[in-house]
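Work the whole structure out from these sequences, hints included.
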Amino acid sequence: MDTLIAQLQRQFRDYTISLYHQGFLDDQFTELKKLQDECSPDFVAEVVTLFFEDCEKLISNMARALDQTGNVDFKLVGSSVHQLKGSSSSVGAKRVKGLCITLKECCDTQNYEGCVRCLQQVDIEYKTLKAKLQDLFNLEQQIVQAGGRIPQVDI
Amino acid sequence: MAKDGGVSCLRRSEMIGIGIGELESPPLDSDQVHVLAVDDSLVDRIVIERLLRITSCKVTAVDSGWRALEFLGLDDDKAAVEFDRLKVDLIITDYCMPGMTGYELLKKIKESTSFKEVPVVIMSSENVMTRIDRCLEEGAEDFLLKPVKLADVKRLRSYLTRDVKVFADGNKRNLTTPPPLPPLSATSSMESSKSTVESPLSMVVDDDALTMSPDVCNFSCGFAD
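From first to last, the protein sequence lines are chains A and B. To convert, note that position 28 of the first sequence is 28 in my numbering; the numbers rise steadily by one, no gaps. To convert, note that position 27 of the second sequence is 27 in my numbering; the numbers rise steadily by one, no gaps.
Keep in mind the hints are simulated off the structure, nothing from the lab. Every residue, glycine too, gets a C-beta built ideally from N, C-alpha and C. A portion of the hints provided could be inaccurate.
Said to hold, decoys possible - Here are the simulated distance ranges between beta carbons:
no., chain 1, residue 1, chain 2, residue 2, range
1, B, Thr130, A, Glu105, 33 to 43 Å
2, A, Gln120, B, Gly99, 27 to 37 Å
3, B, Met129, A, Asp135, 38 to 48 Å
Pasting the structure below:
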């Protein structure tokens, strides 16, 4: 019979794999995990927290710029999405990054409708990822609290 | 890190218990490699700083080219006041930054007497041949495609070690002078795909797919630079 720890570890493994397979995360997230150790046990959680704060700030900037109907500063939107694309790339937020690429294209062609639609999707996507990673970190905590080790998951 | 109040590395509020650095740092261990990292993105600064620390480097991370120059004492054309204490073994900088690009920073460093021998590595999210060439021509040691991985930093680290090693040919060589770069080899690595090459150069280009595309950077790095 499976111990609680084994069950949790299996859940953690399955959930992690699903996040990669569904395209939420890519191998850069794996790279971040390599940087986590006993000295910095919460490194990944802290970096993604900063990333999500970045998302909120940049999306808000872009929304504001797009709100100036008739006088949209596409350069500002472009530079914000460039930043967001960069940080999403650095943390392995694959879907967010992909949407940033699309948003950048809309921006470059000054496609207002496209920008608005895309920005909404970016907003939804980062919030979805945030919730999923929170679930993942909760699982980690449960494993540790149960006295187990967080398994290494090979994708 | 310099104690100069004008240099803003990661502000304390940004560190939020990440544990990546003391503001008041102990005196530099002369054997430890000290890297100056420059990136306007907070997320990227934290990642690069961790990557460097995990490879046993001491890191100062700043958020702009101007701050970097300030830290190096190059901001007003006078020699770094605390040059004896200030030892920078490597400068790693993002290319696309508002205000001063990594390329412009590279030029200023190479023009300085105090720091022109310090290897400068450029990081960029965009794999643009013209950009890479321009940086290498200006004296950049290497060009890393973002997102930067541990393998990339380990590779940099390996040519920065201050030890003098005896090579197979029996010659002693000071490894702070990096070995000459081998010629570019060809495999594809375009736009948003990751480059996972193990070759000595961090980027490779597919000759067939090579296009001279305009430098598409939204900050001040225009076509002309």
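Consistency of the hints with the structure:
1. Hint check: Thr130/B to Glu105/A, Cβ distance near 21 Å, so the stated range 33 to 43 Å is violated.
2. As the Cβ distance of Gln120/A to Gly99/B is approximately 31 Å, the hint placing it in 27 to 37 Å holds.
3. Here the CB-CB span from Met129/B to Asp135/A is close to 42 Å, well matched to the stated 38 to 48 Å.
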